[in-house]
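Taken in sequence, the protein lines are chains U and F.
Note that my numbering has the first sequence beginning at 1, numbered continuously upward.
Note that my numbering has the second sequence beginning at 1001, numbered continuously upward.
To be clear, the hints were calculated from the coordinates, so they are not data collected in a lab.
These figures come from a predicted structure and were not determined experimentally.
A hint or two may mislead.
Unchecked claim - Label pairs and their computed distance ranges (CB to CB):
hint, chain 1, residue 1, chain 2, residue 2, range
1, U, GLN343, F, THR1065, 56 to 66 Å
2, U, GLN343, F, SER1063, 50 to 60 Å
3, F, GLY1090, U, TRP345, 12 to 22 Å
4, F, THR1065, U, ILE339, 49 to 59 Å
5, F, PRO1101, U, VAL252, 19 to 29 Å
6, U, THR329, F, GLN1099, 22 to 32 Å
7, U, ARG283, F, GLY1090, 32 to 42 Å
8, U, SER233, F, GLN1099, 23 to 33 Å
9, U, VAL252, F, GLY1090, 33 to 43 Å
10, F, GLY1090, U, SER233, 12 to 22 Å
11, F, PRO1101, U, THR189, 30 to 40 Å
12, U, ASP206, F, GLN1099, 20 to 30 Å
13, F, GLN1099, U, GLU222, 33 to 43 Å
14, U, ASP191, F, PRO1101, 54 to 64 Å
Said to hold, decoys possible - Here chain U is said to cover these stretches of chain F; the calculated rule only asks that three of the stretch's residues, wherever they fall, bring their Cβ under 8 Å from a Cβ of chain U:
hint, region
15, 1012–1024
16, 1115–1128
We put the CB at the ideal spot given by N, CA and C, even for glycine.
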Amino acid sequence: MKIAATILIGVVAGLSAAPAHAAPAGNATSLLTKAVQAQRTIAYRGEQVIATWQGDSTKVSLGRVEHAPPDWTRTEFSQLGSTRRWVVVREGGREIQYDPASRAGTVAPVVESDEDSVDDHVGWLLENYRVASSPSSLLGRRTDRLAITPITGNRSSRRLEIDRDTGVVLRFERVEPTGRVVQMVTFTTFDVMPKGWRAETALPGDLRLAQRQSVRRVTAPEIQRQFGGVPVSVAPPDGFRKTAEFLTLGPVPALRTMYTDGLSVLTVTAERGRIARPPAASRKVQTRTGPLWVRRSGGNTLVHWVQSGWRLTMVGDLAPELLVQTASTAGVARSPRAIDHLQEWIQTLRGVF
Amino acid sequence: MRSHPSDLLSGYVDGTLSRAEHVGIEEHLATCIECRKTVDEVRTLQILLRAAPQPTVPPAALSRTLALLEARRSEHRWGVPRWSVAAAAGVAALIVALQWPIDPSPGPDSAKHAGFQSHAEVSLAHPLADMALVTYLATHLPYDFELTSVEPR
């Protein structure tokens, strides 16, 4: 898409020319912490341009954001080239997504972040990334431009413009190791609002909301009880560590394990099953032992495979080669046989009847 | 002898009876017209049999007969009906077919709840996610804009 390409090239060129210096650890920590805390304290509204590279094309969306601390946010998206709009409201620990035209949507509890471990995560981030900062300005406001580059290869860099007065991230970019910008979110207008400015806001009364599967943290004994065993483990890339496990209950219970290097997040979803369910537009990669499927989107890579009776899906903003290598640490089962398909089909029928 | 010694008359004609039996039969024949008649019929039959030509047996008849017997015995031991042979072949083909590897094809509903969007949802637990809340929203929503369904995942 030409518009998106023009925007991205402009952003890259602008940032490349900007002088930057390595930020002292204390400064980087305070800037990152300030950005985290901004969402809890600053009320604002603005309009954004969101450009995402999809692997073979670029999608551009316009977003209108309204935020009221501590946890109310409404964002309305409209995608260029599409007549559809999409509204996301986060309030009181739940997230509602709906189509404003049809008034139909879904609701689910929000996975709460672990605020107590901000310092831990910033520490890990500084182990794995170099942080450089420089003064800048955006939309007539003074900002700190933060460049976060990985110490090891095969990871994406981030560039952020943090509003000096409020700590709100006014621009965000994700850049692949190749130098290709794969995502860019930038405010085109930004206004700080008085606290409580959206206190009286109510959702439309005629919304028809279906409950989405909820996600909650889970303990090791509960994993054992729910799945009758522990999924095969993945050896994450260097610098990543496991930070949390989540359970999604539904027709197919799933365990989601989160790994992070302080900034990037790698999730592995495991559910019981012997037959892979590769996502649309994924391509098959044949390994020495069996097949797995890979799909790229917006700088993220998805790898899907089966091993030891577990269906596994890994997503992260890492290079496909690295994720395939990571998946292989858990082993990749051979292609399913016709009898396996038959067994799966019979089990599905059992579930229906 | 009061009753007719029918079972001894053929031996009498052939001369295979004991002396006592032979004398007894002669005494009976002297008084029994019916048994004399039977003796005469046996003697006539013997004469006719002696006059009949002797059948000749081909030299290979024995070996052919033995081979035929052996074949029958083998068939009885190993032979199975044709339908059961076909059924066995079908079962064998089915077993081979069931072992055949078949990779599933990518589909729109496949791994939907384990894809990019769920990754974005879980990523919210990262404490720095709020730093770029707008990024989170931007990250997962435009991805599946067309795929986003109002149905529960």
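What hint numbers does the structure not satisfy? Per hint list: 10, 11, 12 and 15 violated.
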